[in-house]
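So the chains spell out like this:
6 protein chains.
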Amino acid sequence: MTRHDGRAVNELRPVQIETNYLMHPEGSVLIQVGNTKVICNATIEDKVPGFLRGQGKGWITAEYSMLPRATADRTPRESTRGKVNGRTMEIQRLIGRALRAIVNLEALGEKTIWIDCDVIQADGGTRTASITGAFVALTLALAKKHGEKPFAKFPIIDYLAATSIGIVKDFGPVLDLCYVEDVAAAVDMNLVMTGAGRFVEIQGTGEEATFSREELNSLLCLGEKGINELISIQKEVLGDTANLIGSAKGESK
Amino acid sequence: MTRHDGRAVNELRPVQIETNYLMHPEGSVLIQVGNTKVICNATIEDKVPGFLRGQGKGWITAEYSMLPRATADRTPRESTRGKVNGRTMEIQRLIGRALRAIVNLEALGEKTIWIDCDVIQADGGTRTASITGAFVALTLALAKKHGEKPFAKFPIIDYLAATSIGIVKDFGPVLDLCYVEDVAAAVDMNLVMTGAGRFVEIQGTGEEATFSREELNSLLCLGEKGINELISIQKEVLGDTANLIGSAKGESK
Amino acid sequence: MTRHDGRAVNELRPVQIETNYLMHPEGSVLIQVGNTKVICNATIEDKVPGFLRGQGKGWITAEYSMLPRATADRTPRESTRGKVNGRTMEIQRLIGRALRAIVNLEALGEKTIWIDCDVIQADGGTRTASITGAFVALTLALAKKHGEKPFAKFPIIDYLAATSIGIVKDFGPVLDLCYVEDVAAAVDMNLVMTGAGRFVEIQGTGEEATFSREELNSLLCLGEKGINELISIQKEVLGDTANLIGSAKGESK
Amino acid sequence: MTRHDGRAVNELRPVQIETNYLMHPEGSVLIQVGNTKVICNATIEDKVPGFLRGQGKGWITAEYSMLPRATADRTPRESTRGKVNGRTMEIQRLIGRALRAIVNLEALGEKTIWIDCDVIQADGGTRTASITGAFVALTLALAKKHGEKPFAKFPIIDYLAATSIGIVKDFGPVLDLCYVEDVAAAVDMNLVMTGAGRFVEIQGTGEEATFSREELNSLLCLGEKGINELISIQKEVLGDTANLIGSAKGESK
Amino acid sequence: MTRHDGRAVNELRPVQIETNYLMHPEGSVLIQVGNTKVICNATIEDKVPGFLRGQGKGWITAEYSMLPRATADRTPRESTRGKVNGRTMEIQRLIGRALRAIVNLEALGEKTIWIDCDVIQADGGTRTASITGAFVALTLALAKKHGEKPFAKFPIIDYLAATSIGIVKDFGPVLDLCYVEDVAAAVDMNLVMTGAGRFVEIQGTGEEATFSREELNSLLCLGEKGINELISIQKEVLGDTANLIGSAKGESK
Amino acid sequence: MTRHDGRAVNELRPVQIETNYLMHPEGSVLIQVGNTKVICNATIEDKVPGFLRGQGKGWITAEYSMLPRATADRTPRESTRGKVNGRTMEIQRLIGRALRAIVNLEALGEKTIWIDCDVIQADGGTRTASITGAFVALTLALAKKHGEKPFAKFPIIDYLAATSIGIVKDFGPVLDLCYVEDVAAAVDMNLVMTGAGRFVEIQGTGEEATFSREELNSLLCLGEKGINELISIQKEVLGDTANLIGSAKGESK
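In order, the protein sequences belong to chains A, B, C, D, E and F. Start counting the first sequence at 1; every next residue gets the next number (the UniProt record's numbering). Start counting the second sequence at 1; every next residue gets the next number (the UniProt record's numbering). Start counting the third sequence at 1; every next residue gets the next number (the UniProt record's numbering). Start counting the fourth sequence at 1; every next residue gets the next number (the UniProt record's numbering). Start counting the fifth sequence at 1; every next residue gets the next number (the UniProt record's numbering). Start counting the sixth sequence at 1; every next residue gets the next number (the UniProt record's numbering).
Fair warning: there could be bad hints in the mix.
Pairs count within a copy or across copies, as identical chains cannot be separated in the list.
[Said to hold, decoys possible] Under the rule of at most 20 angstroms between Cα atoms (straight-line distance), these lysine to aspartate or glutamate pairs were calculated in the EDC-like manner:
no., residue 1, residue 2
1, K153, E208
2, K145, D46
3, K47, E110
4, K225, D240
5, K225, E214
6, K144, D73
7, K144, E106
8, K111, D73
9, K169, D240
10, K145, E45
11, K153, E106
12, K111, E208
13, K235, E224
14, K145, E207
15, K57, E207
16, K169, D182
17, K145, D73
18, K57, E208
Calculated directly from the structure, the hints in this document are not laboratory data.
Assemble the whole structure, with the sequences as input and the hints as a guide.
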């Protein structure tokens, strides 16, 4: 049985990552996962938040937003409403936490990396596309910095990508849900994994529903497959820069 | 190797649930999990939010807060700061979502249940204690309503409880982390499950760390054991009211 | 004529003060005045607000809040509404001002005492119960500090307690109004007095009503009687710590 | 011993009330009490707040503000800071409550009176000058309405004025404190009374100080004297309109 | 003397307008003016704001925002700061007002058009690029609506475009300032004009400087030239849709 | 054809400027332009905002507000609504920018001048009356400072005044619109000019309308005439202080 867009249940949507998308940021990427489009920018700031000052460690923090018409109906701006809603906060905390898992914060030194993920078009999976794209923007920013003044050790330890999986009526477990599938899913899971195949984050949620241990296992297998493919694409677009990742001395091997 | 408080790695802290704790709420509970103490109140309101109006369905929403001195250092009040922070939003969204998974919202009818979880003393695991306690407060509130004017079908389908598990240095996977263990954990997981042993929510996070599939499985086994024990305690404190849960006609069997 | 709960017009409700109620705060009390229950915590911070810096004086500030279901109907949280309302501000300003009247701020030194009064159940008189309980929490916190590193002079000069009085239809002046009496009162007064019988604060208000000089005098006599009884209870629960209050050298006599 | 501005301890500052000060409001007054100058405007709105709808009763609400340079140093605007502070809230609640005590809200009918008190120059006693001026603005507004469409019964029952009294070092109890005296006062009291000599509001506060029953009585006597004089001035500036106040049929006698 | 990017003083930067840029909005455009890039989306909502209800007229309102890294240094998000700043408000009011000048609001009927201008890359002239792009997005949205259910009269009366002009040291009056010129300009002017060559908005500002009547005239001439060129580009990208503009019956001629 | 208040199309309303209006501000003015009344105060603060620190330059910033009943209907306070609206922001940015154009900020030194314009009665032209009045308040404040400790060079370079002009149906271009004319105007323009006849700010806006080059020229001529008259009035009320303006050494000539 094929999905409404012709994909197999274990098939990702077409993914494109355009590097150096904008002129000002240190690292800038436009990632497209099917119809979902996110601009991911990385900014390097030479100071750390108060709670880290003087510890020789860096920090990574993320902000996430959607254009009002990223969605089918117009969503009022959070700036106009005067506050950031719970969903946005949840997503930006997730993005920051996920990236910190593959960065050696001591090697980074007393710097803050600001990750900005701005969804210009949404069709499901915006938070996972944000993580996958943000990883590339972050790597580009640090590689640029490394080119100017090399780190003793390049701070990025491993690859990082994310995808969604879910249990959809009539299909069972499926990989990389687009919006119509997401709305119909009884179980919704976001998975963040490293190049070494280790978990960084698992967030599985029954939406007025529950799931069994067997279903969980099927979802994790599908997710792992998708993430491997996403990491291959990241490697490709990074080209030589990819050699810096996980390198002992932060030099290309 | 025993933990700092003498527990085995697969042992819960002592749990107490005092029902009918406050006089005004329809359902009210004080739950203590070790030194963590949370007041959980359930309020029934005879209307639903705008997006559900006219659909014959109910809704469950939760709010979570901590007293400023629930913590070792004083935490400024969110009311004084003028906004609810991201961690609070994440937790209250989790509590509401978890409870909705075991409630038949059609059977509930056009009502909103407000769940208020107020942590008066915190020592790790406040969000999972909130869910475990809120389940009891919710059941009491609906049982009271049922006593006044019986539901055609009692809206609570199954039990629901939550616990935390994590990977702590020198101990590996452990159940029900108190605060000092939580701070030291490389992996932190919150698990919400039903009486039937199905998952409602899995949130596993590497804190500047990652974890393998095997570690995940160990964590899930520990969590399942803890949740079974918590559900036994819920049954006990609910007494006869427990018979209503999952009953076909919402009558005691 | 007896009141709806059987009390005489000059009779307080039963009062209980549980000391060391929570584990984290320097001073912690649960005060119950009839069905009104307030958690009062005192926190000592080793700095003062900007306007006092460098003057060798300390400061006392208070915050007050009610759980949403402290009341018969659920009151929306001030954190969710994004602002503290006028009634709350009025009360927290009153609590801070009252406590400052019986503390020698020079003897305290450059410290801020934060008083948190959180009403978990409300049945009238929450602001006066807060003051009466906060006095005990404050004394416990300073006594603990004094035990670690004695003050040259113990900063608490005298006892402090508060009660409400009012003029209620069919009863005239009555002491310690519970909620149903408070709603029915034409005149509502809050009185804060010291152990030496001096006034710290008188707030008398006609609610779409007025009152004469004679009525004022009756109210003050009732209030004085109630406050004397409250101070006896404070002395009792403080035990030996009570000896520190007003002591010349801050040592037990 | 004379005060720094040559007044006796029981002497008010010069008071001027200019009626019909601005062109748009239904009632508009500029009141000057010494150097304190407040614009008091009354607006009649043909609806009531939600909690009163359908009860045939009216409401009076007040807002209070100071120009940034009403004070010796510039005070930042509350609009710029994004919130109204506690002192402002306390004052506007007091003004509204005081006026409601001398208005028959049933006779008013389903109308809201908005009282705006804007201090353009401050030299102590701004809240009491606001009440004294607001009473005149309110009377003018209702008299104008009465002229267009007579009330069955004119809603204002009695006069209302307010003053401050305090205990100042070297002087003891004094009437109508200007700013330098207010800062130096150990006890600060605001008194609101009616034309019949009854109390509407007593707010007496020790500022890091306390006071005795005898001192209270002296303060009340001074305050009563001042309020009688203020009410004479109100009568004079109201002219014939004064006849409406307390009139059985709301017609001039 | 040529400008730093080789342009003559009366030369626009290269302009590109990509229509149907995003999939969800009724009208969507990416406009590039040199390095300035703005996404302009138009949303049609079938209701009007309260002040227009029942008058048979429509409304156009605009919101403007910049991605944090649209600029050389990262600008904190307005949603995070909790309020929209003055510059943003000024710009979005300008965009809305400008568009309303060339729309027949009666012909539009009781609809609101939301215009969202999101700057993804900024290099001067973001507000004028927003207006020029928004005009095209608006036209596309109304043309789409017209295709589904024709307007009695197509609501767009005339073309509308905007540019900036300024007086820059060493160059005098110049057209279409990029960021480095804008910063150096003594006089900064934004001009909005119609296809018929009439003014909609002139905003000329001395930045710690002033300007004469002759200088004003030079600036207006330059601006008029630029706007004519921008309108030619609009016509070209609109293709056949352009025929609807100003058409008597709203049908293509 | 005469205007509704009997003025010719090129005639200003009666203007009065009362200097030293309030006692606390360094410079204080009540300006009346017809029925429009604005209190303009200038405050000198001995520091500059962060972006100017250490540059030896001063700054001028303005805030603008209206009393709730400055208008025919009561306008809710911005402090109560918790935010400053777009119109207010636009106006206060305009006032600050205009004044900075005629002040030598280097000669001022590291000081901030706060200009507060509070409209107590509004009948059109409040922003231009604010600028005209604020210029006088600013001059008075700097002259006072100069009297205490002379500036090497008096910082005010030239006079500054502002007026409105517009195109009103049946009248064409008219000078100094009152409220009823402003509402009816198709084109609305605010003009700020110096004593030397140079432009500081031109803001011309079609309100759902447009205007030609010829109309623009007529408006500018009318505006110039009005501003010349306003500057004559400023000179007169400033008396000898006027000599300081534009003086080489900041001494009276």
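The hints, checked one at a time:
1. K153 <-> E208: between (47 angstroms within a copy, 17 angstroms between copies)
2. K145 <-> D46: Answer is within; shortest intra-copy Cα gap is 11 angstroms, inter-copy 41 angstroms.
3. K47 <-> E110: Classified as within; 6 angstroms inside a copy, 28 angstroms across copies.
4. K225 <-> D240: Neither, since 24 angstroms and 48 angstroms both go past 20 angstroms.
5. K225 <-> E214: both (17 angstroms within a copy, 17 angstroms between copies)
6. K144 <-> D73: Cα proximity of K144 and D73: across copies only (16 angstroms, versus 39 angstroms in one copy).
7. K144 <-> E106: Close inside one copy (19 angstroms), not across copies (40 angstroms); limit 20 angstroms.
8. K111 <-> D73: between (39 angstroms within a copy, 15 angstroms between copies)
9. K169 <-> D240: Close neither inside one copy (43 angstroms) nor across copies (36 angstroms); limit 20 angstroms.
10. K145 <-> E45: Answer is within; shortest intra-copy Cα gap is 11 angstroms, inter-copy 42 angstroms.
11. K153 <-> E106: within (9 angstroms within a copy, 48 angstroms between copies)
12. K111 <-> E208: between (42 angstroms within a copy, 16 angstroms between copies)
13. K235 <-> E224: Classified as within; 17 angstroms inside a copy, 39 angstroms across copies.
14. K145 <-> E207: For K145 and E207, the Cα distance exceeds 20 angstroms both inside one copy (43 angstroms) and across copies (25 angstroms).
15. K57 <-> E207: Close across copies (15 angstroms), not inside one copy (39 angstroms); limit 20 angstroms.
16. K169 <-> D182: Within. Shortest intra-copy distance 11 angstroms satisfies the 20 angstroms Cα cut-off; inter-copy 37 angstroms does not.
17. K145 <-> D73: For K145 and D73, only the inter-copy Cα distance (16 angstroms) is at most 20 angstroms; the intra-copy one is 40 angstroms.
18. K57 <-> E208: Classified as between; 12 angstroms across copies, 42 angstroms inside a copy.
Checked against the numbered hints given earlier, this structure breaks hints 4, 9, 14; the rest are met.
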